[in-house]
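*Asks:* The lines below spell out each chain.
There are 4 protein chains.
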Amino acid sequence: MSLLRDNLQCRDFVKSGAFKGNNPAEVVQSCDITFSCVADTTAVKDLVFGNYGVLQGISKGKCYVEMSTIDEETMQDVAEAITARGGVFLESPVVGSRVPALEGQLIILAAGERKLYDECYSCFEAIGKKSLYLGADIGAATRMKLIVNMVMGTVVAGLAEAMAMAEKVGLDQEDVAEVLSVGALSCPTVIHKSQAILSQRYDPHFPLQHQQKDLRLALLLGDKVEQPLYVASAANELYKKARRLGYGESDISAVYRAASN
Amino acid sequence: MSLLRDNLQCRDFVKSGAFKGNNPAEVVQSCDITFSCVADTTAVKDLVFGNYGVLQGISKGKCYVEMSTIDEETMQDVAEAITARGGVFLESPVVGSRVPALEGQLIILAAGERKLYDECYSCFEAIGKKSLYLGADIGAATRMKLIVNMVMGTVVAGLAEAMAMAEKVGLDQEDVAEVLSVGALSCPTVIHKSQAILSQRYDPHFPLQHQQKDLRLALLLGDKVEQPLYVASAANELYKKARRLGYGESDISAVYRAASN
Amino acid sequence: MSLLRDNLQCRDFVKSGAFKGNNPAEVVQSCDITFSCVADTTAVKDLVFGNYGVLQGISKGKCYVEMSTIDEETMQDVAEAITARGGVFLESPVVGSRVPALEGQLIILAAGERKLYDECYSCFEAIGKKSLYLGADIGAATRMKLIVNMVMGTVVAGLAEAMAMAEKVGLDQEDVAEVLSVGALSCPTVIHKSQAILSQRYDPHFPLQHQQKDLRLALLLGDKVEQPLYVASAANELYKKARRLGYGESDISAVYRAASN
Amino acid sequence: MSLLRDNLQCRDFVKSGAFKGNNPAEVVQSCDITFSCVADTTAVKDLVFGNYGVLQGISKGKCYVEMSTIDEETMQDVAEAITARGGVFLESPVVGSRVPALEGQLIILAAGERKLYDECYSCFEAIGKKSLYLGADIGAATRMKLIVNMVMGTVVAGLAEAMAMAEKVGLDQEDVAEVLSVGALSCPTVIHKSQAILSQRYDPHFPLQHQQKDLRLALLLGDKVEQPLYVASAANELYKKARRLGYGESDISAVYRAASN
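Chains as they are written, first to last, in the working numbering: chain A, 1 to 261; chain B, 1 to 261; chain C, 1 to 261; chain D, 1 to 261.
None of these hints come from the bench; they were simulated from the model. Mixed in with the good hints there might be a few duds.
[What the hints assert, rightly or not] Not close to chain B: a few residues of chain D, all C-beta gaps over 10 Å, as computed: (1) 17; (2) 62; (3) 80; (4) 104; (5) 129; (6) 131; (7) 137; (8) 170; (9) 201; (10) 204; (11) 227; (12) 243.
[What the hints assert, rightly or not] 25 Å max Cα-Cα, derived PhoX-like pairs, lysine-lysine: (13) D:62 <-> D:45; (14) D:224 <-> B:224; (15) D:45 <-> C:168; (16) A:224 <-> C:45; (17) D:213 <-> A:168.
[What the hints assert, rightly or not] Here chain A is said to cover these stretches of chain C; the calculated rule only asks that three of the stretch's residues, wherever they fall, bring their Cβ under 8 Å from a Cβ of chain A: (18) 74 to 84; (19) 215 to 223.
Given the structure is predicted, the values throughout are model-derived calculations rather than measurements. Virtual Cβ for every residue (Gly too), placed ideally from N, Cα, C.
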């Protein structure tokens, strides 16, 4: 039982016997564990701190699992507010984009109350292929997600530069894609993003502006802990350039347009 | 039948019935097709242009397959010299390091005489898992190899920055490695290099100074065709730093020491 | 007449006939124009929005000149709060570090109410060598300052790399400094920072961590307007490295330690 | 008395009483000290090693001053060839572009035979405002020149990014130029290049492709001595981009077009 924003999807669930709350507070009141996964920090704050929001439904023992990807500080604010009212909190952002989500292949990162993680385990098994508990420290799962997405951003930017150069030096980009697909770098990202570059189709599996936002947050995290990130910051600038070229809402692979521009 | 530098290995072949030439010229004279794979540009030049060298054994119809990874210009010089004497030339550098070589899992890139490529095909099948003919233009295979290794260099540098940051923000590097190993970036390079970083063992599967040399050559190629490479050049500087720290002869994964320094 | 944090300095002014307010509100109430210049965003917020703060002293026609360097958003919040109470606001951060301040050689950047700028003009002449009115748009002066400091950060990082390389290639760093001091790049920054690097004395004329903070803010500004900043972002990472090496409170010239490390 | 490539200029000198040699060998034979300053490595090699070239005119005690900017290795080859024939060699590249050259404001860097430097001193005084002897080690003056030009390249790239950002955030670029011209970064380069960017006129005082070539050589020097150059390499890529946009023969300030693209 969860809060569903999309009314059509919601209707199907209700038909199957689900209870539909009129607002976040009501949902939380009627559930033992509530899972939330919304677009961004603003949506999370509205949902939790707004009128008839989550906080008003939380009481001793109620469990709340925040699966949205937001900044660490907001995640900690939400956790504090919920536990202050006797609630139990788990942070659990997911790794993976549209296709893994549809196929139940997400990776779930979790931090917070261990007992709640254990209770959620079967649900996580259902929606993902792997879940990982990172300890009690709220923020740890968000940091992990940013670091993993930072690697993603660097890899795809590096791939884009290679494809751009291939064309300039008279190689067939399909050959590059083929060599990469059979070598030691062969992974879903390299294979799918090479194909996207080849086909010049940038359907947003993972929108470029989200990747760039994640790089920005990762770099700010690096700033906080005094970790220089020469390669990731160069990648970040290339994604900015792609945004300027108008590819913010395209797939991350459109960073190729910045590299080949 | 080929020129073998290591006498012990050579002895075994001779025992099995192979003919051992006393010098490159003699080897070439006694073979239809000669395969060469040596360390670097200097070795290639010595072998081909030196006294009793390959050129002195080449005559009309003799085939020569250069599998060493060297710069494009030297490759073209060798090709010209051999074809000027009636020889047939194929450029065929390989992608893959020590373990793929031992397991017959190399990728063979070839450019030059198509007929010779076809004749070599069964040999390439024996030593590699994949071969790719890139056209008649000598240099194309070398450029492809540099581009593929440029991606490799960027990926491992990006991974190194991520592992360094993970430690700074209080995450367990083993957890990062695990998440990466099951996600969309899961490939032999990411898996093995994460493990090398975790174990702090940098046995040279692919020596860091070779990776940095390949990045340098790729960047110079980019210079020639006016292709900016912001991310790869940042990665290159990080490998230079690792060399300065004394890791030139260690594995490429030792770039982690530069990132975490 | 202004709020003075340092009591000893304050005493001298009072002896000379100045009125000392007991709190920000009282200072503002007793002055036509109040100038504020404090350390950071937190200090500005306390001063303006705190108990007995500036806002409580503002009434119709009271003028407030904010000379602190803070982020654009806070500057705009302060401006709105003051004008909402009938006050008149001028944003006027200064360019220049310790020595220019002592010598009246600061550059004053201003944005906001033109009439107030004109009234302040004689004061600005007294404390600086140049003032510039950038229009009514609050935030413009802060953006200008960030951009100017971004150039500063890039120049000093570039100088540091050059001095580090000079040593590695067997040149005398004093010779580099001399050539730079007579050539087309000869400016106070290049001259003084070369000397600081030569003498290995990093007395904080402009603390490195402030430079890095300004670079971070400039990069975030670039992010907002989709302006890639490849060179400035590389410089930023080098300053981060210098912070990690423990030079955050040293002069900006200590970025040399990161470059030569 | 020197070899003059431009016949019209040469004619004026001859009218004034100068001797015109028919080839480099003849010039060297008829002079005690010959000064050479030509376009690039190829021109230097032709002049020195070609038919009727410098080497054929060198005899015991003849002095040769190479003022061209070329790579260190060629400089050393030329020095060896000349001294092997009993000649005396001085390497003396100059710092400064078209206007300083016309105004006698060049800086002359010298390395090689000290006695020859002393003999040339009055000539250097005539054509430059400053000369510096860097020791007997041939190559030192070239390395110094590359390092100084590396700083130049970084500074102008940093300036270009700042001017590009200024426009994006709604500031008047003239205001940026004015603030920079009165502050601690005020130097001929910053002043003139700001003006070039403002006027959108890129008359080649120092051609961009030469700046990029110098950056490439400086980075290769850094590679040799294991000196990471994160900022200079980012600048180098930006100049590459400007070359791709067609500004190779424009002034170095046209790097702005790459930054604002």
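*Asks:* Next step is simple, just say for each hint if it's right about the structure.
*Replies:* These are the hints, each one checked on the structure:
1. The Cβ of residue 17 of chain D sits about 46 Å from the closest Cβ of chain B, beyond the 10 Å cut-off, so the non-interface label holds.
2. Every Cβ of chain B is farther than 10 Å from the Cβ of residue 62 of chain D; the closest lies at roughly 35 Å, confirming the non-interface assignment.
3. Chain B leaves residue 80 of chain D outside its interface by the beta-carbon criterion, the shortest separation being 21 Å against a cut-off of 10 Å.
4. Taking the minimum C-beta to C-beta distance to chain B, about 34 Å, the non-interface status of residue 104 of chain D holds against the 10 Å cut.
5. Residue-level check passed: residue 129 of chain D sits 34 Å from the nearest beta carbon of chain B, beyond 10 Å.
6. With a closest Cβ-Cβ approach of about 32 Å to chain B, residue 131 of chain D is found to remain outside the 10 Å limit, as its non-interface label requires.
7. Every CB of chain B is more than 10 Å from the CB of residue 137 of chain D (nearest about 22 Å), matching its label as outside the interface.
8. At the 10 Å boundary, the C-beta of residue 170 of chain D stays outside the reach of chain B, the nearest C-beta of that chain being 26 Å off.
9. Every C-beta of chain B lies more than 10 Å from that of residue 201 of chain D, the closest at about 23 Å, which supports listing it as non-interface.
10. Every beta carbon of chain B lies more than 10 Å from that of residue 204 of chain D, the smallest distance being close to 18 Å; the non-interface claim holds.
11. For residue 227 of chain D, the condition that its CB be more than 10 Å from all CB atoms of chain B is violated, with the nearest at approximately 7 Å.
12. At roughly 5 Å, the least C-beta separation between residue 243 of chain D and chain B is not larger than 10 Å, which violates its mark as non-interface.
13. Between residue 62 of chain D and residue 45 of chain D the CA atoms are separated by roughly 19 Å; this keeps the pair inside 25 Å, and the hint holds.
14. With a C-alpha separation of about 20 Å, the suggested pair residue 224 of chain D and residue 224 of chain B falls inside the 25 Å cut-off, and the hint holds.
15. Distance check on the hinted pair: residue 45 of chain D and residue 168 of chain C sit about 28 Å apart at the alpha-carbon level, beyond 25 Å; violated.
16. Distance check on the hinted pair: residue 224 of chain A and residue 45 of chain C sit about 22 Å apart at the alpha-carbon level, within 25 Å; holds.
17. As the CA atoms of residue 213 of chain D and residue 168 of chain A are separated by approximately 20 Å, the hinted pair is consistent with the 25 Å bound.
18. Interface restraint, the segment 74 to 84 of chain C with chain A: violated (0 residues with C-beta to C-beta distance below 8 Å; minimum three).
19. As drawn, the segment 215 to 223 of chain C meets chain A at 4 residues by the rule of a beta-carbon pair under 8 Å; at three or more, the given contact holds.
Checked against the numbered hints above, the structure breaks hints 11, 12, 15, 18 and satisfies the rest.
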